[in-house]
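A.B. asks: Spelled out from the first residue to the last, the chains are:
Protein chains: 2
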Amino acid sequence: MSLERIKYESFKNLVVSAEETAQFFKNGMTVGSSGFTRGGDSKVVLKALAERAKNEDLKITLLTGASLGHGTDAALSESNALTKRLPFQVDNVLRKAINQGEVLFIDQHLSESSEQIMDGIWNLDIGILEVSEILEDGSLVFTTSIGNNVAIAEYADKLILEINTAIPKNIKGLHDIVSVPKYPNRKPIEILKADDRIGTESLKIDPSKVIAIVFHDIEDAPGDIQPADEATTAIANNIIKFFENEVAQGKLTKSLMPLQCGIGKVANAVLDGLQNSDFEDLVMYSEVLQDSTFNLIDSGKMNFASACSMTLSQACYDRVIANLDHYKSKIMLRPQNISNSVEVIRRLGIIGINTSLECDIYGNVNSTHVLGKNMMNGIGGSGDFARNAYISIFVTAATAKNGNISSIVPMVSHHDHTEHDVDVIVTDQGVADLRGLAPRERALVIINNCAHPDYRADLLDYYNRAAGFGGHTPHILSEAFSFHQRLSETGSMKKQLATTVS
Amino acid sequence: MSLERIKYESFKNLVVSAEETAQFFKNGMTVGSSGFTRGGDSKVVLKALAERAKNEDLKITLLTGASLGHGTDAALSESNALTKRLPFQVDNVLRKAINQGEVLFIDQHLSESSEQIMDGIWNLDIGILEVSEILEDGSLVFTTSIGNNVAIAEYADKLILEINTAIPKNIKGLHDIVSVPKYPNRKPIEILKADDRIGTESLKIDPSKVIAIVFHDIEDAPGDIQPADEATTAIANNIIKFFENEVAQGKLTKSLMPLQCGIGKVANAVLDGLQNSDFEDLVMYSEVLQDSTFNLIDSGKMNFASACSMTLSQACYDRVIANLDHYKSKIMLRPQNISNSVEVIRRLGIIGINTSLECDIYGNVNSTHVLGKNMMNGIGGSGDFARNAYISIFVTAATAKNGNISSIVPMVSHHDHTEHDVDVIVTDQGVADLRGLAPRERALVIINNCAHPDYRADLLDYYNRAAGFGGHTPHILSEAFSFHQRLSETGSMKKQLATTVS
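Protein chains in written order, with the numbering used here: chain E, 1 to 502; chain G, 1 to 502.
If you are wondering where the hints come from, they were derived from the structure by calculation, not from laboratory data.
No experiment lies behind these values; they were computed from the predicted model shown.
Be a bit skeptical, because a hint or two may be false.
As the list makes no split between identical chains, a pair holds if one copy fits it or if it spans any two.
To be verified - With a straight-line cut-off of 35 Å between C-alpha atoms, the simulated DSBU-like cross-links for lysine-lysine are:
1. 328 / 254
2. 26 / 204
3. 84 / 47
4. 330 / 187
5. 330 / 96
In isolation and in its complexed conformation, chain E is listed as follows (with noise of 0.2 Å):
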């Protein structure tokens, strides 16, 4: 515990134990915490309030910024602590209890969590936010990532900080604090390039809704980075492919336009990509800074990266956290209707790159739901950059499971992006670059381009019938999920061959 860690003389007296936190919730509270991607997450507080709820009806509404780390969502979940979570999340314990309808989840574009804080659709009780420090005038440090924390300091009634001495005290100044005002009163934001700078390193609070500190030096839980297949190079070698044709035509420039990218190996595959490429100056205006932007920035080929959060591997973190320094000229935090915001989305003509699970045949997108119905994680932030970017790329691998699943189906199960706010569709086999095209066409260049030879025949087949019967985008809604429901009865979207029983 270091106090000299809490500048605000008057603040020094409310340090207390995590468990001693715990007993400010009640139940049927709404709660807001820091954290996105596993950065700058409460780990302590939301922990102490799982392990209090394993005794007691205990249960809340937590609104982060994006998904936790450590376990705390399955935590909050085993000791039944969540009625209601939002905007995000990536934990198997809660997945489960969402899609078994146990907890109830609001799957939200990030960039529009803070706008529902600001207009009244939850009123936070108590916001946890974790912190660096605490300056002389009350104002807070954050750590690795920024989040909706702005949005919950302003609006919670109350506040628990968590100071994390594990972060260096120098991270201080990595960070854009920005307060977006309320309607009628809101400015453009003046950020006309990724570096632009317009807020503060700190953020200025109320000092009387501060009602307990934590001190933990507990680092960011490591971000599980999986080594690129032979799929993901190939979507990555498609995408380098895609960029080098669009500088040949004059559509772009070597250093691109500032580039956006989902998290996970694909968008990793993608960025190392780049490092053995042609291009350089890249800038980056995205969510989240992954090993990949490090390594980028480490061999000059990016310039600068904004984000709301970092999610390392612990080597990349370790080395991060020991020179933040040099990185500070380098990246830059800030929260995540900034990161997100679609003003600046538009201004500044962003190539997203962006995951999928499944693509049909006019390129509407499904980055959520397995069969139609089952929660993976959550929508993020893709539809944000998607909708507002310059080049709006989706990337998946042609098939999933041995095969058994093609990625380009007739009609999604579920849809997160419709096919206006699709541009480009990569696979490992292809690129389907759907700009000016209607329906029709697309339809041929994504299942000649795209899907797997071994679905081809039957896309084809779909297509051709359905458009035999006309339309603007032919489909035989008889039809439109023959994939998914072979793949529920028979383990497999193929066609089995007939077996005779005599």
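Start from chain E and add chain G according to the hints.
C.D. replies: This is chain G only, laid out in the frame that chain E set:
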């Protein structure tokens, strides 16, 4: 022909007949034209092109602001002059050709067409612009819409101007002409209130692009305003009650927020409903000004209305045209990438009211496709507003076709707006306020409040059985389109009583 409307001397010798302009078009060209919901459209050049195409192979791709009047799309369609058409249409003949696959249609967010022109997706060979006057500096004064005129004028290789002498010259001053630069030179769009003027009254162009000027005196085709019926009136009353309730809760004031309304009888009924309400000092930031807008302005209920075009009944059109000097301080027309700017929409905090063909029990909306395949009109600007609005409302009568179609279905057969972008659904039956609700909660509110009683039991039965199988968004894929299939097979979505033939 009033040459005094051409104040730029060197243009005076470019005046030709409409028939002569047809000779500028070549087979395979891409053509941009003014025109947005029948306002300010090309009235003679495209018709001349259609006439010429009757006798020879002359097919073009046609990009406009939105829909055209005077049967121009029908004429082009009938003479096989269209290869591709975007971004919106409302024409019966063209619609049929689109749904038969004879014309390729691209259904596009209306804020995005100009982006695609700037990005080089469309290289416009010729642009056709209706103007009221050409000023001394060669700049253009537009008429009753702006649409994509700015991008067309800036990026088309050649321009043909239609001077409409039926439009009084004092229309000058009605327009706010803004040119959005290409990436990476974009700056904030500095509209902080609906009535902020940020541009010029006329558009400067490269005079060397102008190849021909045609005169005509044809008024805009009048909009066919259908009178409110019982269902429309009930929807309007339900919306007014919803607003009153928001005011009672302190979430809205009596001047509401800037309003956006789709076109048609529901929108007109809602705005007419405000006429007899306690709401006051209303403003509009929308796409289209309709009769109801001017009624609200005339009665003093509405202070200002910004849009991209006007589509009016003949009587209202006559009233507006005769009193332009009066209305100029109350209304403003802007390019559609400004009227539909996501940046401005999210900044102003708009209440968006748009029409759906069908909604599903989770709040997804189909605005465009009958039975999932046949295009009606297009998504228009509804997505620009719904995604970024303060409150995004979708309206529909609970049933259609004498009760044989339920507008609330288990799963929409086409997705234009996903659950993420739909805050409130209003039918003649009631209001489903979906803000803060998870899918399982949404289903019950939508079925109970918005579905017609004739369909509630069937919808509840579907939902309950689906929920029994689990899932974040419970569905039974084999039955998701059962309502639609029943309609196709029996002419009604209602379950038929079993008929026993013995």
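A.B. asks: Now tell me, hint by hint, if it's right for this structure.
C.D. replies: Now for the hints, and whether the structure bears them out:
1. 328 / 254: Result: close within a single copy only, 25 Å intra versus 47 Å inter.
2. 26 / 204: Answer is within; shortest intra-copy Cα gap is 27 Å, inter-copy 64 Å.
3. 84 / 47: within (17 Å within a copy, 58 Å between copies)
4. 330 / 187: both (27 Å within a copy, 23 Å between copies)
5. 330 / 96: Close neither inside one copy (39 Å) nor across copies (55 Å); limit 35 Å.
Of the numbered hints listed earlier, the single one contradicted by the structure is hint 5.
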